[in-house]
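Student: As a plain string of letters, each chain reads:
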Amino acid sequence: MSEPTAPDAAAVPAAPPAATPAPPPAPDPAVVALREEVARILGDTATPDSAAGVPAWRVDATGVPDAARRLRAAGFDYLLFLTAVDRPAEAKFEMTYLITRFDDGRQLALVADLPREAAEIDTVSGIWAGANWHERETFDMFGIVFRGHPYLRRILLDGDWPGHPLRKDYVDTLHDVVKRPY
Amino acid sequence: MELKPIPNPTPTDTPTAPVYEDYFVNMGPQHPSTHGVLRLVLKLEGETVLGLTPVLGYVHRGIEKMGEAMTVLQFTHLTDRLDYLSAHMNNWGWSLAVEQALGIEVPARAEHIRVIMSELARISSHQLWWGCLGMDLGAFTPFLYGFRDRERVNDIFEKTCGARLTVNYIRPGGVTADVEEDFAKDVRAFIDYFTPVIDEYETLVGGNIIFQERTKGVGVLGADLARSLGCTGPTLRASGVCYDVRRNRPYGIYPKLDFLVPIATEGDSWARYKVRIAEMRESLLIIRQALDTMPDGPVRAKLPVIVKVPAGRWLGRVEAARGEIGFFLVGDGTDKPWRVKVRSPNFSNLAALPEIIKGCRVADVVAVLSTLDVVVPCIDR
Amino acid sequence: MALNETDATAAAQVAQWENQDPQGQAPPRGGFVLTQIDRVLTWARTNSLWPLTFGTSCCAIEMMSVGASRHDWSRFGFEVARATPRQADMIVVAGTITFKMATRLRLLYSQMPDPKWVLAMGACATSGGPFFYDSYSVVKGVDRVLPVDVYLPGCPPRPEALLHSLMLLQEKIRREGGSRRQRPLPPFMFAHTPIDPKKEFNPA
Chain V
31 MSEPTAPDAA AVPAAPPAAT PAPPPAPDPA VVALREEVAR ILGDTATPDS
81 AAGVPAWRVD ATGVPDAARR LRAAGFDYLL FLTAVDRPAE AKFEMTYLIT
131 RFDDGRQLAL VADLPREAAE IDTVSGIWAG ANWHERETFD MFGIVFRGHP
181 YLRRILLDGD WPGHPLRKDY VDTLHDVVKR PY
Chain H
22 MELKPIPNPT PTDTPTAPVY EDYFVNMGPQ HPSTHGVLRL VLKLEGETVL
72 GLTPVLGYVH RGIEKMGEAM TVLQFTHLTD RLDYLSAHMN NWGWSLAVEQ
122 ALGIEVPARA EHIRVIMSEL ARISSHQLWW GCLGMDLGAF TPFLYGFRDR
172 ERVNDIFEKT CGARLTVNYI RPGGVTADVE EDFAKDVRAF IDYFTPVIDE
222 YETLVGGNII FQERTKGVGV LGADLARSLG CTGPTLRASG VCYDVRRNRP
272 YGIYPKLDFL VPIATEGDSW ARYKVRIAEM RESLLIIRQA LDTMPDGPVR
322 AKLPVIVKVP AGRWLGRVEA ARGEIGFFLV GDGTDKPWRV KVRSPNFSNL
372 AALPEIIKGC RVADVVAVLS TLDVVVPCID R
Chain E
-14 MALNETDATA AAQVAQWENQ DPQGQAPPRG GFVLTQIDRV LTWARTNSLW
36 PLTFGTSCCA IEMMSVGASR HDWSRFGFEV ARATPRQADM IVVAGTITFK
86 MATRLRLLYS QMPDPKWVLA MGACATSGGP FFYDSYSVVK GVDRVLPVDV
136 YLPGCPPRPE ALLHSLMLLQ EKIRREGGSR RQRPLPPFMF AHTPIDPKKE
186 FNPA
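Protein chains in written order, with the numbering used here: chain V, 31 to 212; chain H, 22 to 402; chain E, -14 to 189.
Because the hints were derived from the structure by calculation, they are not lab data.
Given the structure is predicted, the values throughout are model-derived calculations rather than measurements.
With a Cα cut of at most 25 Å, we get these calculated SDA-like pairs of lysine to any residue:
1) H:K357 to V:H194
2) E:K183 to V:W191
3) E:K184 to H:E68
4) V:K122 to H:E89
5) E:K125 to V:R197
6) E:K184 to H:G67
7) H:K329 to V:Y212
8) E:K183 to H:P53
9) H:K379 to V:G156
10) E:K184 to V:H179
11) E:K184 to V:D188
12) H:K64 to E:P188
13) H:K64 to E:T69
If you want the ones that stay clear, here's a sample from chain V, every Cβ over 10 Å from chain H, calculated:
14) A69
15) T75
16) A91
17) A103
18) A104
19) D190
20) T203
21) D206
Each residue gets a CB set at the ideal place from its N, CA and C atoms; glycine is no exception.
For reference, chain V alone in the conformation it holds in the complex (with noise of 0.2 Å):
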C-alpha cells in the first residue's frame, strides 16, 4: 500500500460534521438478478437469507429435494459440495447445498435447518450423482442421515470408529488428541 506520509499540517480537515450513516454500497447487479431469477424458480418455498457472502437461501428440510429439482431443470447443473455447519448454540445443523452453473459459474446455497438429535433428510443423489459420495461424507462426520441413499456407509473413517468428529461436541478419548496451546 501507499507509504504514510507526516501529516502536513495545512491540510488537516476539520472535524467531521455530526454524523449522518453513509449510504451502504450499491449492491452488485449480478447477484441482484440471480436473487430475482432463483426467487422465480422456487417461489415462496425458499426464503433468502441475509447473511454476508454466497448468495443463500433457506428452505424446508422436507422441501429440499423439490427446490434442488426445480434448480437442476432451470440449469443449474453442477452440484459444487454439500456440507452442514453444525450450530450447537441453536441446536441444529445448517445442510448447505452449493449449487451453480457450468455455463456461467452463477453460484448460490442453499440452507436447511435440521434437528441436532435423529438429524435426517432425503437424499438428493438422484438429481446430481456427485451427491453420492459427498453424503457419505456428510454422515461420517456429522451422523446425518440421508434417507433413500444408496449405501449409506462410512466413506473417510473406519465403519467401526466412534462418533463423529466435525460435531463441535466430538470428545476423542481413543487417539490422543493433542490441543493447540497458543
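Fit chains H and E to the supplied structure of chain V, relying on the hints for placement.
Tutor: Same frame as chain V, but now just chains H and E:
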C-alpha cells in the same frame, strides 16, 4: 474395444461340478500405481472388471476440523498439503475466500506473480502426471524426463518462495515476498527450454502405438455423467464440456489474458491425455503474457493485526491442476473460522471411476486411474 | 478401529518394548573368520538396500525426486524400489500415517523378511508434523507403529537431506552389523481388522 467375458464351458449342474462365485481382488492401499494410498476393490471375471469400489480414508488427516482451531492465516500452510502438486492454486483459493470475507484488494503486481506461479505449478504438476502415466504403463523414461523438468520449476520456486513443494507463498492479501531480480530471466529461460520439449514428449509417448492402443477407447466418460458427478478440470474438458474456472468464473487477471481452453469430445483416456498436453502449451502463453505486462508496486495488501472473519459464508474457487478446488469458509466474527470445507476436485473425479471402468480389463484400471490423475490426500483431506 | 481385545497381549507388547536393549544390537560373537564373513555380508547389505515403495503424501514426491535423475539414489545402491514387501530390505515411511493406515503398515512391516530397517521421512512420520495439534486421525510419529532406525525431519525434507539420511542408515548398519536380531514392535493399541474385499464391495 468391446470385451465380452468368455462364458465358462464347464457344465455346472452336475453334483460334482465346482461352484463358481464372484472373484474379488484388492488393489492397494500400498500399490505402486494408485498414486497414493487408495484401495480399489475389483470384482473380476477373468481379466474383465465387472465392478470397482474405491475405499478411501487412508490418509484422512482431519484438516477441516483443524481449520476450526487455527486462525485463517495459520490455515494457509495446511492448504498446500491437500493437493500438493498444485500447492500455489490451493493457497490462492483459500486467499480468495479470506479476501472476499475481509474485503481486501490485492495489488496488481501480486496478481501477476500469482498467475505466473500458478501456471508454473500447473506445468510442473502435468509433468509429474505425464511421467507417472508413462511409468504406470510400463515406460520408465517419461518419469525421468518429467522429473527433470519439475526440477527446473522447483529451482524457480525455491529462489522466490523458499520451498520446492509445499510453498505457502500466496497468502491472503497478496504474496509473501517480492520476486528476485533474475526471476524474469529464469522464467523466460524455462519457457524457451520447455516449448520445443513438449512436442518432443508428445511424439515420444503419444506417438507410440502401444500407448495409443492402451488409451484409445478406454474408460470413456460421457458428458452428462461427468456434469452430474461434478467432475472438473481436464477430466471434464476431455468429455466435451467447456468449463474452466479461469474462463467461466474468472479471478485475478485472467480476464485480461488471451489463452485457449483445450477441449476434446471423445472422453476416453487418449482425450484426457491430449487435453493435458495442450493445457501445458497454453500455460506457457499465459506465463509469457503475465510476465510481459507485470507492473511494479507492492506485493501484499495491509491486513489488520488480528484478522477476524465476519459472520457469513464465503467461497473461493480456483482452477487447480486437476479441477476446481473450492474453499468454503463460514465465519462467526471471531478470529477462528466456524467451519472450513474444502471442495476437492479429485473427490468428484474419482467418483467417475466405478462407472467408466466396467467392461475394461485389469490393466486398463491402471491406465484410466492414471489419466484421471487423482492425488489421494486431496480426496481424503 | 477395534482396540486390542486381550490385555495380556498388550501388556506383553509393552513389556517387550520396555525391556529391549537400549544400546541397540551388539555385533555377533565369533572368531576372526566369522567376523570377516560378517563384514563382507554387511558391506553387501549396506550397498544394496532395496526400499519398499511406500509413500502416503507430499514426502512421496520428494522421494520420487530422489529416485529421479538429478538426485539419484541408485548411486548409493537403492537401485530397485520394490513394490512388494517380500523383496524389500527397508521401508521409507514418507508421508502422514493415519490410524486407518497404521494397522496395514504393521502388516506390511511384518511381511518384510529380516533384516529390515525403517526410515521415518518427513515431519509427519517423525512426530505427526503439521498435524500434531488438533488432528484426531493422525498417528503422532510412525515410531508408535514401527521401530524406527533413522528419523529425517523436514516438511518435506530436501532430496539431499534424504540422501544424507540414507547414508546415515548405511553407517548405522555398518556399526551394528548386517545380520541382526529382530527389533520388537512398539505397543500399538489398535488391532488389525482383516481386509475382506467382498464385504467392502459396493454393488451399487
